[in-house]
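Trainee: The numbering used here applies: residue 0 is where the sequence shown begins, and numbers increase by one.
Errors might be hidden in some of the hints.
Unchecked claim - EDC-like mimics (lysine to aspartate or glutamate), calculated; alpha carbons at most 20 Å apart, straight line:
1. 220 x 86
2. 163 x 174
3. 163 x 267
4. 167 x 221
5. 163 x 196
6. 6 x 48
7. 8 x 39
8. 97 x 221
9. 220 x 266
10. 123 x 148
11. 97 x 151
12. 4 x 49
13. 6 x 37
14. 97 x 148
15. 133 x 24
16. 131 x 24
17. 133 x 25
18. 83 x 73
19. 95 x 266
20. 220 x 148
21. 123 x 151
22. 47 x 69
23. 163 x 225
24. 106 x 141
25. 83 x 151
26. 97 x 86
27. 6 x 86
28. 90 x 39
29. 113 x 72
30. 167 x 196
31. 19 x 135
32. 113 x 86
The set of hints was computed from the structure by calculation and includes no laboratory data. Computed from a predicted structure; not experimentally measured.
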Amino acid sequence: MIVHKIKEKQRQNVEHFIIKHWGSDEMVTSSGVFNCSELDGFIVFNDKDEIRGLITYIVQNRVCEIISLDSLDEEKGIGSALLKAVEHEVKRTCNKIKIITTNDNMKALGFYQKRGYRLTQIIKDAVTEARKHKPEIPLVGEYGIPLLDELELEKALVLITLLKEEDKAALYQFEVENRDYFEKMVPGRGDDYYHYETFCKSHRALLQEQAEQRSYFYLVKDGAGDIIGRVNLVDVDDDGVGGVGYRMASSVAGRGLATLAMKLLIDEAKILPNVRALEAKTTTNHIASQKVLERNGFIRMGVSEETYVNAAGEEWPFALFRRELEV
0 MIVHKIKEKQ RQNVEHFIIK HWGSDEMVTS SGVFNCSELD GFIVFNDKDE IRGLITYIVQ
60 NRVCEIISLD SLDEEKGIGS ALLKAVEHEV KRTCNKIKII TTNDNMKALG FYQKRGYRLT
120 QIIKDAVTEA RKHKPEIPLV GEYGIPLLDE LELEKALVLI TLLKEEDKAA LYQFEVENRD
180 YFEKMVPGRG DDYYHYETFC KSHRALLQEQ AEQRSYFYLV KDGAGDIIGR VNLVDVDDDG
240 VGGVGYRMAS SVAGRGLATL AMKLLIDEAK ILPNVRALEA KTTTNHIASQ KVLERNGFIR
300 MGVSEETYVN AAGEEWPFAL FRRELEV
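Working from the sequences, and respecting the hints, build out all of it.
Mentor: Structure follows, in structure tokens:
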């Protein structure tokens with residue numbers, strides 16, 4: 000099976016396909032009104048160059064939204080292949096993918112949830128509202144269910160995974176590639192750290208500390224499984240208070256992924272039996288890091304007497320933050 004990007008010369012065929020299977024080229028949801036034949040997407044053809052599968056999507060504010068997905072051949076993997084094509088296409092530019100479907104579409108609910116999508120909200124009477132713009136939307140959908148509401152599902156294109164032995168080669172490459180970028184903001188680790196044998200020794204020490212449940216080291220990965228950052232919970236004391244920190248690759252700076260990674264770490268911390276509060280610090284001039292913490296519910300507690308002197312000789316104190324975890 001070959002999945003093709005929609006080309007301009009195929010727009011008319013796409014329009015005919017959408018009209019045939021949806022009654023109109025126009026798709027109306029709570030997100031807006033879309034002409035599917037004008038959107039980006041992917042196609043699967045059969046050996047007669049007939050469209051057997053089609054997916055269309057839009058990207059807004061680093062969120063990809065699937066607008067339509069059709070597969071005419073059941074159990075052939077067409078729908079999965081089309082969805083994967085979109086996920087791969089937008090994984091470097093989007094933080095998540097969302098899908099809106101109708102309350103009757105049990106097949107779609109099963110399809111997306113099996114592929115890592117989570118229900119995020121029910122939009123009551125959204126189909127009723129859409130019907131005002133597009134009266135041809137039927138009153139009753141599949142299985143005789145009244146068509147009334149929309150269901151929204153999302154899949155984050157970022158995940159965190161606990162550090163493992165087999166991560167060392169990829170993690171070493173990540174650290175080497177981002178060394179100069181990191182050392183502009185935080186103290187360097189010294190040349191010796193970047194010798195592979197030394198790095199492997201350090202890696203084993205982190206795994207041992209993790210096994211003893213004193214610290215938890217996570218890798219931040221994109222939708223393709225590539226390492227794009229690290230986020231850690233370290234030095235959990237007898238009172239259940241641990242320190243958190245993160246570092247994200249230069250290639251993903253400014254995309255809001257640090258905020259999302261920290262949220263995922265907090266979700267993990269909530270289910271750890273020995274953690275009840277998190278503390279963090281960042282230099283007072285590092286506004287972006289302070290925003291990451293504040294967006295995740297950290298409260299600024301004050302400023303430390305400890306300072307950091309950067310490579311330019313500038314000296315900055317640390318802002319201290321704390322977040323209690325819900326019981």
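Trainee: Now tell me, hint by hint, if it's right for this structure.
Mentor: Status of each hint after checking the structure:
1. 220 x 86: Given pair residue 220, residue 86 holds - Cα atoms ~14 Å apart, limit 20 Å.
2. 163 x 174: holds, 16 Å
3. 163 x 267: Distance of about 16 Å is within 20 Å: holds.
4. 167 x 221: Distance ~17 Å between residue 167 and residue 221 Cα, so the pair holds.
5. 163 x 196: The given pair, whose Cα atoms are some 17 Å apart, holds under the 20 Å limit.
6. 6 x 48: holds, 14 Å
7. 8 x 39: Holds: residue 8 and residue 39 sit about 13 Å apart, inside 20 Å.
8. 97 x 221: At roughly 16 Å apart (the allowed maximum being 20 Å), residue 221 and residue 97 satisfy the hint.
9. 220 x 266: holds, 16 Å
10. 123 x 148: holds, 5 Å
11. 97 x 151: holds, 7 Å
12. 4 x 49: holds, 15 Å
13. 6 x 37: Satisfied, since the Cα-Cα distance of roughly 10 Å is no more than 20 Å.
14. 97 x 148: This hinted pair holds, its Cα atoms lying about 16 Å apart.
15. 133 x 24: holds, 11 Å
16. 131 x 24: holds, 17 Å
17. 133 x 25: holds, 9 Å
18. 83 x 73: Holds: residue 83 and residue 73 sit about 17 Å apart, inside 20 Å.
19. 95 x 266: With Cα atoms ~17 Å apart, residue 95 and residue 266 stay inside 20 Å; holds.
20. 220 x 148: Distance ~34 Å between residue 220 and residue 148 Cα, so the pair is violated.
21. 123 x 151: Between residue 123 and residue 151 the Cα gap is close to 11 Å, so the pair holds against 20 Å.
22. 47 x 69: Since the Cα atoms of residue 47 and residue 69 sit roughly 18 Å apart, the hinted pair holds (cutoff 20 Å).
23. 163 x 225: The hint holds at about 14 Å.
24. 106 x 141: holds, 9 Å
25. 83 x 151: Given that 20 Å is the threshold and the Cα spacing comes to 19 Å, the pair holds.
26. 97 x 86: Holds - the C-alpha atoms of residue 86 and residue 97 are around 11 Å apart, at most 20 Å.
27. 6 x 86: This hinted pair holds, its Cα atoms lying about 19 Å apart.
28. 90 x 39: Given that 20 Å is the threshold and the Cα spacing comes to 15 Å, the pair holds.
29. 113 x 72: holds, 19 Å
30. 167 x 196: Roughly 11 Å between the alpha carbons, so the hint for residue 167 and residue 196 holds.
31. 19 x 135: Measuring from Cα to Cα gives roughly 14 Å; hence the hint holds.
32. 113 x 86: holds, 15 Å
When the structure is compared with the earlier hints, a violation turns up for hint 20 alone.
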